[in-house]
Structures are given as C-alpha cells and as structure tokens.
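Enquirer: Protein sequences, first through last, are from chains F and Y. Just so we're aligned, residue 19 is where the first sequence starts under the working numbering, counting upward by one. Just so we're aligned, residue 6 is where the second sequence starts under the working numbering, counting upward by one.
Be a bit skeptical, because a hint or two may be false.
Stated by the list, open to error - Straight-line alpha carbon distances no greater than 20 angstroms define the calculated EDC-like cross-link-like pairs of lysine to aspartate or glutamate that follow:
1. Y/102 <-> Y/67
2. F/128 <-> F/82
3. F/67 <-> Y/62
4. Y/102 <-> Y/88
5. Y/29 <-> Y/19
6. F/86 <-> F/103
7. F/67 <-> F/106
8. F/86 <-> Y/61
9. F/67 <-> Y/67
10. F/128 <-> Y/109
11. Y/83 <-> Y/67
12. F/118 <-> Y/16
13. Y/83 <-> Y/109
14. F/79 <-> F/38
15. F/86 <-> F/33
Everything labelled a hint here was simulated from the structure, so no lab data went into it.
Listed here are the chains, written in short residue letters.
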Amino acid sequence: AQSVTQPDIHITVSEGASLELRCNYSYGATPYLFWYVQSPGQGLQLLLKYFSGDTLVQGIKGFEAEFKRSQSSFNLRKPSVHWSDAAEYFCAVVRSGTYKYIFGTGTRLKVLA
Amino acid sequence: DAGVIQSPRHEVTEMGQEVTLRCKPISGHNSLFWYRQTMMRGLELLIYFNNNVPIDDSGMPEDRFSAKMPNASFSTLKIQPSEPRDSAVYFCASTLKVVKYSTDTQYFGPGTRLTVL
C-alpha cells in the first residue's frame with residue numbers, strides 16, 4: 019500500500035535561513051508527488067508537483083523539490099525563508115492513473131524573525 | 006477564477022442536529038472530492054465524484070454522512086445526526102480530469118470548520 023512519511027512534525031528556522039522539509043514515500047513504481055502548503059485558516063495550495071522528467075522541480079514562492087528514486091524521497095527546499103512561509107506543509111503521493119491522494123501528516127513550519 | 010468555494014466557513018451546532026456543508030467547484034472541473042482533516046487522522050478522503058456521479062465513497066465514515074452532486078457546479082456533504090466526534094475541518098477539492106485515467110492536480114477550497122457541541 020502507498021504511504022507518505024513526513025518525519026518532522028515541527029520545524030523552526032530563522033528568517034533568511036535555508037529550509038528543507040523531508041518527505042518519504044512507499045510505492046512500487048514511480049508515483050506522482052505533490053507538495054501543498056496550508057496557511058492558518060486556509061485551504062491547501064499547490065506548491066509544486068512531480069509527474070516525470072527532470073527530478074528537480076521548481077514551484078511557486080521560491081520553493082523547489084527533488085525526487086530521488088533511490089531514497090524514495092521528495093524533499094522540499096527553499097534557500098531563504100521568509101516570515102510569510104510560516105505554515106503547514108503537506109506532501110502527497112498518488113499512483114499514476116488514479117485519483118486517491120495519500121497525504122503525509124504535515125510539517126508545521128515556524129519562522130523566527 | 007474564483008477557485009473552489011465552500012460555505013459556511015465556520016459552523017457550530019449541537020449534537021443531534023443536521024449539518025449541511027456546501028461546495029462549488031472551479032468552473033469546468035469535472036471531478037470533486039470531499040476531505041476531512043483532524044489532528045488525529047490528518048487528511049482523509051471521504052468521497053469522490055466524477056461527472057456528478059459518486060465513484061468512491063469508501064471513506065465516508067458512517068451512514069450519518071451523505072454527499073450529493075446534483076449538477077456540475079454544486080455539491081453538498083450532509084451529516085445527520087451530527088456528533089461531537091464529527092468536529093473537524095471539511096475540505097472540498099476539484100480537478101479537471103482531461104483523460105479518464107489521468108492524475109490531475111486537485112485544487113482545494115478554504116474549508117469549513119465544523120464544531121459539534
């Protein structure tokens with residue numbers, strides 16, 4: 019069965035510091051992978067997605083993620099965090115040709131001024 | 006584009022009452038999803054519609070929950086009777102499924118925060 023693990027429940031970084039949020043998935047073939055962000059009181063907004071091709075994916079708000087098949091990972095990165103990035107981040111996996119997203123438990127990011 | 010619209014944004018009700026949550030998907034989208042988000046269980050898919058037809062309702066927790074999609078621009082999720090353990094944030098999402106077996110990006114609404122006292 020597919021699963022998604024986000025090992026870090028909470029992460030705190032200083033504004034301007036780099037950020038990496040971890041996501042590991044369990045799936046036999048190449049999955050479709052997504053990162054969503056949820057600001058307080060808001061719905062989920064798509065940051066980026068990976069379907070195929072270049073393993074380094076660029077998203078909105080300066081985020082990027084790298085798909086590493088050998089590590090079954092799809093980590094989200096940002097070189098310099100802004101205070102407005104404070105939110106909860108969800109990784110999701112879905113088997114190609116299906117509709118059922120499997121979400122991770124989320125990582126809550128706190129940004130220190 | 007107005008995005009996915011959900012109403013109400015907040016709902017407080019008493020145990021035993023009927024609750025109806027509403028969703029308007031993005032115009033032109035032909036697939037709609039209802040999710041529930043809780044601290045304990047995270048995001049769970051409740052039901053999936055394609056072209057207004059329920060395809061998968063295996064995530065609907067109990068018979069107290071029902072969902073309808075009478076047309077392409079409106080869906081409801083009803084809980085009757087409501088219980089305190091139904092307290093959660095309920096999200097609606099939609100997608101444009103161009104090819105039947107394609108996997109498409111889901112666009113989420115802002116959610117309805119339900120509190121059952």
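Enquirer: If a hint holds in the structure, say so; if it does not, say that too.
Expert: Evaluated hints:
no.	hint	verdict
1	Y/102 <-> Y/67	violated, 28 angstroms
2	F/128 <-> F/82	holds, 19 angstroms
3	F/67 <-> Y/62	violated, 26 angstroms
4	Y/102 <-> Y/88	violated, 35 angstroms
5	Y/29 <-> Y/19	violated, 26 angstroms
6	F/86 <-> F/103	violated, 24 angstroms
7	F/67 <-> F/106	holds, 17 angstroms
8	F/86 <-> Y/61	violated, 31 angstroms
9	F/67 <-> Y/67	violated, 33 angstroms
10	F/128 <-> Y/109	violated, 30 angstroms
11	Y/83 <-> Y/67	holds, 11 angstroms
12	F/118 <-> Y/16	violated, 27 angstroms
13	Y/83 <-> Y/109	violated, 26 angstroms
14	F/79 <-> F/38	holds, 14 angstroms
15	F/86 <-> F/33	violated, 27 angstroms
Checked against the numbered hints above, the structure violates hints 1, 3, 4, 5, 6, 8, 9, 10, 12, 13 and 15; every other hint is satisfied.
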